[in-house]
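Two chains, two frames, a set of hints: combine them into the complex.
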Amino acid sequence: MERGEAMREEQLLEMIDRYLNGDMSAEECAKFEALRNKDASINEKLAEHKNFTGLLKQYSERLDLENRLNAIHNEIDVHTLKEDLMAHPSLIVQLWRNHHSKISVAASIAIFAILCTLYFTGDLTNKDPRFMELKREVGKLKQSTENLNRSQNNLLHDIKSDKRFANPGNFRGTGFALSSNGYIITNYHVVNGADSVYVQNADGESFHTKVIYTEPQYDVAILEINDSTFKNLGTIPYSFKKAKSDLGEDVYTLGYPGDDIKFGPGALTASSGFRGDTTEYEVYIPVNPGNSGGPLLDERGNIIGVINGKQTQTSGAAFAVKSNYLLKAIQNIPADSLSKSFNLNTKNTLAGLTRPQQIKKMRNYVFMVKVYNQ
Amino acid sequence: MNKQIDLQIPADSEVIIGILNNSDSVLKRLYLAYFPMVLQLILNNNGNEDDAKDVYQEAIIVLYNKVKRGDFELSSKLKTYIYSICRRLWLKRLKQLNRYGGDIKDFQEYLPVEDEIEKHQDRDMQLNKMENALKLLGEPCKTIMEDFYMHSKSMQEICERFGYTNADNAKTQKYKCLQRLKKLFFQQ
Numbered sequence: 001m002e003r004g005e006a007m008r009e010e011q012l013l014e015m016i017d018r019y020l021n022g023d024m025s026a027e028e029c030a031k032f033e034a035l036r037n038k039d040a041s042i043n044e045k046l047a048e049h050k051n052f053t054g055l056l057k058q059y060s061e062r063l064d065l066e067n068r069l070n071a072i073h074n075e076i077d078v079h080t081l082k083e084d085l086m087a088h089p090s091l092i093v094q095l096w097r098n099h100h101s102k103i104s105v106a107a108s109i110a111i112f113a114i115l116c117t118l119y120f121t122g123d124l125t126n127k128d129p130r131f132m133e134l135k136r137e138v139g140k141l142k143q144s145t146e147n148l149n150r151s152q153n154n155l156l157h158d159i160k161s162d163k164r165f166a167n168p169g170n171f172r173g174t175g176f177a178l179s180s181n182g183y184i185i186t187n188y189h190v191v192n193g194a195d196s197v198y199v200q201n202a203d204g205e206s207f208h209t210k211v212i213y214t215e216p217q218y219d220v221a222i223l224e225i226n227d228s229t230f231k232n233l234g235t236i237p238y239s240f241k242k243a244k245s246d247l248g249e250d251v252y253t254l255g256y257p258g259d260d261i262k263f264g265p266g267a268l269t270a271s272s273g274f275r276g277d278t279t280e281y282e283v284y285i286p287v288n289p290g291n292s293g294g295p296l297l298d299e300r301g302n303i304i305g306v307i308n309g310k311q312t313q314t315s316g317a318a319f320a321v322k323s324n325y326l327l328k329a330i331q332n333i334p335a336d337s338l339s340k341s342f343n344l345n346t347k348n349t350l351a352g353l354t355r356p357q358q359i360k361k362m363r364n365y366v367f368m369v370k371v372y373n374q
Numbered sequence: 001m002n003k004q005i006d007l008q009i010p011a012d013s014e015v016i017i018g019i020l021n022n023s024d025s026v027l028k029r030l031y032l033a034y035f036p037m038v039l040q041l042i043l044n045n046n047g048n049e050d051d052a053k054d055v056y057q058e059a060i061i062v063l064y065n066k067v068k069r070g071d072f073e074l075s076s077k078l079k080t081y082i083y084s085i086c087r088r089l090w091l092k093r094l095k096q097l098n099r100y101g102g103d104i105k106d107f108q109e110y111l112p113v114e115d116e117i118e119k120h121q122d123r124d125m126q127l128n129k130m131e132n133a134l135k136l137l138g139e140p141c142k143t144i145m146e147d148f149y150m151h152s153k154s155m156q157e158i159c160e161r162f163g164y165t166n167a168d169n170a171k172t173q174k175y176k177c178l179q180r181l182k183k184l185f186f187q188q
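Respectively, the protein sequence lines represent chains D and G. All letters in the first sequence, in the order written, are residues 1 to 374 by the working numbering. All letters in the second sequence, in the order written, are residues 1 to 188 by the working numbering.
These aren't lab readings, by the way, just hints derived from the structure by calculation. Don't be surprised by glycine CBs; every beta carbon is placed ideally from N, CA and C. Each hint should be verified, as a subset may be incorrect.
[Stated by the list, open to error] What follows is a set of in silico ranges between Cβ atoms, one per label pair, in the way DEER data are often shown:
(1) G/104 - D/50: 35 to 45 Å
(2) D/70 - G/109: 26 to 36 Å
(3) D/114 - G/74: 48 to 58 Å
(4) D/14 - G/74: 41 to 51 Å
(5) D/94 - G/92: 52 to 62 Å
(6) D/116 - G/106: 32 to 42 Å
(7) G/142 - D/104: 49 to 59 Å
(8) D/110 - G/126: 45 to 55 Å
(9) G/126 - D/70: 34 to 44 Å
(10) G/104 - D/216: 22 to 32 Å
(11) D/28 - G/152: 50 to 60 Å
(12) G/75 - D/50: 29 to 39 Å
Just chain G, same shape as in the assembly (with noise of 0.2 Å):
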């Protein structure tokens, strides 16, 4: 079974067109190429598989997020990046758990990785303020916000869907809504 998994580990470059591309096959290849190594990381520190996925879906999508900036380098091999990243998130979590015993088994070499994982935190926590504010939202607010703004639905669509006879109620209410989540989001 490792072989297979080995055999189909994707170029690095190949991993970084296909992101560019939202490839789904190679998004795939690459999670199932370096799982096993993260989990190897988690298991023998302290951590379970449920940590180990947590931590790894986090890498791959900061790993993700600045392929798609447009900013990733390939300076270094693409395991290494992922490898530094899961062992940095991994760090900060065994310390907020107070499970850090001082030191941590490394399977890698890794690089400093510091500042990117401090600045996806920052917007990891915009992106939770988000959830938040969709959350206490409620109907039909939080369907509309998502329907225009997230799934990019026209407004047609959304008076059909709700059975607004008049556009401009519609609007207005998009409106109200929009006010309202703005003022959950930035009350947090």
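Same shape as in the complex, but just chain D (with noise of 0.2 Å):
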């Protein structure tokens, strides 16, 4: 029975195959195909027949594909392309390609290791250990603590007796009158971060004070005395100096750098600051802590600049803003930040007198500044 079958298969497939190739006649065609037409399973198997001689016929086409494409490819001469193809990119634009993740990688540990170490190291702030500012800090710490037992005990004996507490600030520098109405400059590093602004005059009176204008590129700051108890200061002796001044000029500055104010005598030493800055001078005068914002007197009395700064590698060089500087911050104060006129004096009556007369005249437009903070 089941050798019966495989014989009809096999006879069956036989007829498929014939059939497929056209190698039947018309006749055994006709036949075939109403055997087709009335049998459903011979139509199944016809196709499953077809279907996998098919992929076999396929498979043949593909190796011949193969075939010619291989041999079509033998001719090419790959390794002359190659370097025709490779020839541009350098050996470093070749590791580049190859391995730029982990060059990248690589970059930003070592830049991330850069600048922490510059950061830690304090490179990556703007200050210059060789330069110095010449604020003064007064037992910052050492006297937080003094200073809030104090403070409370100033405002209860403020209260009773209604006298000025003479805290000496945290941070002093000095600063001088611009006009007689109580506009007075002063370095911007000295009121930097300041929470409140008092300056004090040659007799020890002090008068609070509002910044009204900052101008940190040239180091200055105009403040305003807003003090109910100060009184006009009259006529402002000194002009201010709009020309460069020349090198080797006898110059002068007045400061504080201690409770008293202090004669610094010396000279123009060159017409650039630190590093080169074109807009300060260099001057040869002994300077302190204390002594920033100070006015920088030619010999005729006028302001030729303001003290900022000294060198602390070269002992005795010393730093001004230039004069004109300071005339260029005036200007650009908006005129909504004054409140009272601001006349710039232009009159000098300095210019005949003796050094020791200058400065007697001198001595009531030049505060110490005090600065206080948290």
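If you want it as structure tokens, here you go:
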């Protein structure tokens, strides 16, 4: 039975092969098609066989095509072509192409490490250790608790006696009057970050001030005395020099490195300041912390600059912001920051006087700047 | 040398007609025209010239079959089509080899060809199964199958080749061989 079926199947497939190959005569073909129409299973068998042998045919075609392609490929000089294509990128470019992700990671780590090092060594801040700003830090840490106690006492005291407290402030600098109605110039670095700023005159009177304008790039700050006890200063004896001063000129400064006003004589030694900064003069004047913001005057009593720092490695070299930058800063003050008229003095009454007479006249216009902050 | 190849680049329509007509010369010109492009793609993306050859030939086969089936529409440039197929095939290969770094350096614009690659690789798998089945079949069955079904030789020729005196014996042998081949094929 089984054998018979196998026989039938074999015959059927043989017929299908002949049919598909077109080997049948017209008569056989018609007979076979009639059979197909009658018996669905024969149709199925045909489709299945056609599919499978079709795959064999496709495989044959694939092999044939592959052989043709290989033959063509063998005619190509792949080596030369490769050289041509790869000739352009250099070794470095190739290294980059193959390893760019690794290189990127390594580079980021290196940059991060450098930044960390710079940050912790302090090289990232703009402060150059060779340059020292001359504001005076007055025993800040030691005094902080003391100040708390004292300010509390002072407050109590104030209420009773209506007298001003004489807290020395956290920082000190020097400033000088720009106009008789209480505009004062000092260094930006003296008042930077201040909670409140007082100025104290040569007689020891303190006045509350307001910082109305700063120009950090020239290290300049303008204060306005807004204290009810403040009286007009009277005509300013000095004027501001617009032109550049010459090397070798005798110059001097007044300032408050200590509690009393101090005279500092010297000479103009260079027309550019720290690291060639053209906004500053270099002067040979003994200055100390506290001198910052003090006036730099020439022999005739013209203001030619504002003392703002000294070089730590060269003893005696100090720097002063040139007066024309002060004037520039003054011009830049927005009009609505000014509550009073601001008239810059242009008449110099010091010119003919001797140095001690000049200083005597000047001292009322130079102030100690006291800065309070947390 | 580059210039020469450039001059030989056949027009796209010429290639289609050439493939339909089984033209050897067109196939050769097609192959030579775009191989440098694919070589450049593969070399610059972690491959070597042998990888380039494999990928390129597979792409040509995809194109060839598509044209033969009659469903190739010339909606884009042939160059772009070939580049896209190669790019896709190489990406797949790189992923299989775990050499894929997350990006591929492109030299051309490309088309989405995922579906076609999918279809092609299904068919390719069937053909590979057939190849394996034929390898396992052994002689004389393998040659009989190849001669009759692949090379379209007549039973007469096969009888002569194997010295069968009786044509019915040859037919029985062919039937038995086919049954074994099917068994080997479907066993995989």
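Verification of the hints:
1. For residue 104 of chain G and residue 50 of chain D, the Cβ-Cβ distance of about 41 Å falls inside the hinted range of 35 to 45 Å, so the restraint holds.
2. Checked against the given bound of 26 to 36 Å, the beta carbons of residue 70 of chain D and residue 109 of chain G, roughly 30 Å apart, stay inside it.
3. At about 57 Å, the beta-carbon gap between residue 114 of chain D and residue 74 of chain G stays in the expected band of 48 to 58 Å.
4. Here the CB-CB span from residue 14 of chain D to residue 74 of chain G is close to 44 Å, well matched to the stated 41 to 51 Å.
5. Checked against the hint of 52 to 62 Å, the pair residue 94 of chain D and residue 92 of chain G fails, with Cβ atoms roughly 25 Å apart.
6. Roughly 38 Å separates the CB atoms of residue 116 of chain D and residue 106 of chain G, a value that falls within the hinted 32 to 42 Å.
7. With their beta carbons about 55 Å apart, residue 142 of chain G and residue 104 of chain D fall inside the hinted range of 49 to 59 Å.
8. Separated by about 54 Å at the C-beta atoms, residue 110 of chain D and residue 126 of chain G satisfy the suggested range of 45 to 55 Å.
9. The given range of 34 to 44 Å is broken by residue 126 of chain G and residue 70 of chain D, whose C-beta atoms sit roughly 22 Å from each other.
10. Between residue 104 of chain G and residue 216 of chain D the CB atoms are about 51 Å apart, so this pair departs from the stated range of 22 to 32 Å.
11. For the pair residue 28 of chain D and residue 152 of chain G, the beta carbons lie near 20 Å from each other, so the given range of 50 to 60 Å is not met.
12. The beta-carbon spacing between residue 75 of chain G and residue 50 of chain D, approximately 32 Å, falls within the hinted interval of 29 to 39 Å.
Hints 5, 9, 10, 11 from the list above are not met by this structure, while the remaining hints are.
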